[in-house]
Amino acid sequence: MKDLLRLLRLFRPYTLWMLAGIGLAIVVILANVGLLALAGWFITAMALSGLSGQLIEYFTPAAGIRALAVLRTGGRYAERLVTHEATLRLLSALRVWFYQHLEPLAPARLQYYRGGDLLSRIRADIDSLDNLYLRVLVPTAAAAITVLLIFAFMTVFSLDVALVDLAGLILAGIVLPLATQRLARRPGQRAVAIRADLRSGIADAVRGLGELRVYQAAANHAAAIDGLSRDLITQQRRQARISAQSAGLSSLIANLSLGLALVITIPLVAHATISGPDLAMIALFVLGSFEAVTTLPNAFQALGETLAAARRIFEIIDTTPEVVEPSHEAPMPATFDLRIRGLRMRYAPDAPWALDGIDIDIPQGGRLGIVGATGSGKTSLLNVLLRFWDYQDGTVEIGDVALRDLRGETVRAWCAVVAQQTYLFNTSIRQNLLLARPGASDADLCRALRQANIFDEILALPNGLDTFVGETGTRLSGGQARRVAIARAFLKDTPILILDEPTEGLDAVSEHEVLAALETLMQGRTTLLITHRPQSLTIVDRVIVLSHGRILGTPPPLQSTAVAGATLPQILYCGTTR
Amino acid sequence: MAEPSAPLSRATGKALDAWLRGYAVRVRIPLTASVGVGAFGGLLLILQAWLLALIVNAVAIEGHGLDFVRPWLWELLGVFAARTIVTALTDVIAFEAVARVKLDIRKQLYTHMAALGPAWTRQQRTGDLTTALIDSVEALEKYYGNYLPQMALAVFIPLAILVFVFPAYWVAGIIMLITAPLIPFFMILVGKGAERLNQRQWRKLARMSAYFFDAIEGLTTLKLFSASRAEAKVIAQISDDYRQDTMAVLRVAFLSSLILEFFATVSVAMVAVFIGFTLYYRDMRFLPGFFVLLLAPEFYRPLRSMGTQYHARMEAIGASEQIVKILDTPLPPRNPARNPARPTPPEIPALHIGFEHVGFAYEPGETVLHDINFTLARGERVALVGPSGAGKTTISQLLLGFLRPQTGRISINGADLRDIPDDFWLQRVAWLPQRPTLFHASVIDNIRLGLSVDVRAVRAAATLANADEFISKLPHGYDTVLGDRGQGLSGGEIQRIALARAFLKNADLIVLDEASASLDPETSALITASVEHLGRNRAMLVIAHHLDTVRRADRILVLDHGRIVEAGNHASLLERGGRYAGMSALYQEAGA
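Sequences listed follow chains X and W, in order. Residue 326 in numbering that gives the first Met the number 0 is what sits at position 327 of the first sequence, and the numbering runs on without skipping anything. Residue 335 in numbering that gives the first Met the number 0 is what sits at position 336 of the second sequence, and the numbering runs on without skipping anything.
Read the hints as simulated data drawn from the structure, not as lab findings. Be careful, since some hints might not be right.
Listed below are several chain X residues computed to face chain W (Cβ distance under 8 Å; list not exhaustive) [as the list claims (entries may be wrong)]:
1. 46
2. 91
3. 120
4. 121
5. 123
6. 201
7. 219
8. 222
9. 226
10. 254
11. 259
12. 262
13. 332
14. 410
Listed below are the simulated SDA-like cross-link pairs for lysine to any residue, each with C-alpha atoms no more than 20 Å apart in a straight line [said to hold, decoys possible]:
15. 232(W) to 393(X)
16. 232(W) to 88(X)
17. 1(X) to 309(X)
18. 141(W) to 240(X)
19. 232(W) to 237(X)
20. 232(W) to 523(X)
21. 141(W) to 1(X)
22. 106(W) to 165(X)
23. 232(W) to 180(X)
24. 141(W) to 103(X)
25. 232(W) to 233(X)
26. 141(W) to 104(X)
27. 106(W) to 243(X)
28. 232(W) to 12(X)
29. 106(W) to 233(X)
30. 141(W) to 243(X)
Glycine included, C-beta positions come from ideal geometry on N, C-alpha and C.
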């Protein structure tokens, strides 16, 4: 509930739109119920008048019937427009709000969630919050208010009938849906679990069909998939039966309310407390009133989903940013030397040290190579330097300014990063480049591409610079994407350069091309190069070997010729001074 | 909001609808039963209206009391009970049709996918196939559970009502008869255009969402370029543009429902007013008048729900597109049963593999392999090298029987591989793909896969693969669940699981597609040692990405554009100073 209130607070600027939509929804329901009830009253009154020969004023009710018909029709149209307008406004507000809260957290806090997992969860959750207004708020608010109005109207004729109707509406609108939901929860949860198993089973089969064949497991796997498919149907059958029973009971409740209303009202007609036309009207009114609650079961269902989604979204948003920005920013340093003393950092108070007493000096324009196995602390060092993560101990200085006295955005503006996981946005190559220098001219872009050794290849693409990159860079090969990232670094033109395994996963030819581009890029920039590959180490002045967060040694810089024929461990571990 | 679906051309839509209907024939019995029960429910509804009219007539017009109408009230209660059962039963029976369709189609899809084989699945996106087999199949539910039965009832129930309305008050019957066809007519007329607009909007929504999630996924990159905060404005702007655009479309799109409501509601109002005045002038009795008034909204109810049903149909058609696309993919030509009897099984311990003038094309005219010739025998190692796209993987797929050569033949101890049943051949082969698959199962099941062996054998194989050590350190050792939703393993660990599979199988031929990503030196050394061990006394085909594995090969085949351009061992090729020597130099320079 607290989450719901928070969401509503977020939606406050759109209160008017939201209320208008709910108001119109009420008008539509009441117009429909009223139309039938008034029609019942009208024809009974007309029949009695015809039989008794007494004249009645029939213009008003006849006009009322037509008016209600038009009100219902027009109201429904207006309701749909207004509720959709409100939904779209909320959608926009929600996305901007979520993005603004997520932005300070990236990437530090987000790395706790697994990449694809987080994203698909966020996607589903935001989608489900999009529906909050249309699927939850409108039906529940409209039903609640309409039911109260119906009750108030009925008390004019008979309190007993009003109470019977109200009881029926509560049973059909709240008790039955909640009971149904409760009954269906078990099979529902099982169905979700089975579906997830089925999904991973099928995904496994798609990826591993060859292995299943070679290792004689194809028949077993097919049988397992078929079994899961059957299990899923079994659970779905349970769900279908529960919801079918619920539908039957729902109509029974409405009908029984009608029956009870008749039993109560008929003696009143005999005693002339209520007129004949009123009897017809009450019968139709009770029957029609159940239209007010027909959407509630779906709304309850959606409410559960939405609240769970809101909880997860708030969970992400409510984490505090990892790095505290300084209140007063230090002035820009005169030089871009990098000086690190006794740096220690870890990701959580109880986690092992990811960096455990690191000392590094790089003069401005100097180039340091860092090698080490996975988990040795290379990436943690970058996280510290880019102000994505804070450190616990030691000092980091750029020029003479302490890193902590600088805003993250300022530091990042001085650094260009070329990483193994180069993220290219799902837009044109031009847009991806302009990110580094908004407003760069075509000539600038072409120069950067040329410097990155990729100009000819981009030019050869169907639409040149305007070629769409496709989902996470699928149109470009790994080496090409890497060189686009290098072109971005050229455009950004920063004093500090951070290269995180820039040639990882490339074949020998691509690696050669990428390294050539990097060598140009490194001219005059303070460079940190993280790598596994010995060849990359020929373009740096100095090398350190990291292991378990410590500097293991500083082998002498490598000459191209010395590398030939040697493997990485030979180079590193022979030259290491322990 | 609903899933966006790409618009389909009318012809495709029609063809898919026909496909869906074709499937309905297979579930004719539950569907007919469901419609039959629903139709009975419609008759009960008419009976209920008649009883209600009798009661109101007796009390309001004729002035009778509760005692007089009591029998009718009891009958009414009976009708209520019957309708409750019938309502529930209609859905329960309809689900059986749904269940059978879903089970059948899913099984058919899986079988077809498996028959298309690994060479085909490689080219597909995993997400697309899982979506087709799960979500698309689920999306058919409404077509068979709602659309088909409801459409039948939407014809039956209004007709049944008309049969009773005409004798009671023919004017109302005429009004209904005239307006009823107008509803579907206008719905189709307006709905067609609206549907197109709607779909265009959904695609825009999808694009807007894609932009938003792209920004979130690339948030770190945006931050690195100090562009992350400005992005919020772009997101707001894009959502806002989308809203204005959408509302302009919806104003038109919602007109279809406006027209529908208009006819349904105004007709009821008209019927009511007509009945009122006819009664006033005493041209009819109250009982039939009230009866017709009660039936009027019920007459339009199924017609009104046609909009929803139409949507269910569109969704199912959209979903079936994916399904039909897979089922329509032709299976690769099976072995041209030249030798239907099982050939002489190459049971002999010797193994002689020969590629004889093998050529292959995925698409006619786009040949990827030309005239490939080489031999491989037990104890030998053949390495394939060359740039990506040269045809190395295709050769391995041919040898595994995932693909069939179009020209030439692959001989196994003299027999054509074509004539050897797949299962029989693959029993002798172990395969280590470039990216081994971890199944969502325990480590032990991941290693033994289809083989029925005990833990000891698995452990022994894992030990040979240098995997036992890290497996024992996993949270539940050999019972640790792996895969997408289980424990994650590093690249080197996955390689070693795959090696353990190969050791366990004890095959005669090893097909090894080396991982292209480089591993840290220690792991790399462990894997190289295991591979050396595995290759001992077996035939081995290696697709090499690291040239150092190649050095020890008996024959190196250098491929380019589907042809073998050089062949020989390391020393002879270096001496030759050709392409291999060049690659080797570049590689030497690159280290490792």
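In rising order, the numbers of the hints this structure does not comply with | Hints 3, 5, 8, 9, 11, 13, 14, 15, 19, 20, 21, 22, 23, 24, 25, 26 and 27 not satisfied by this model.
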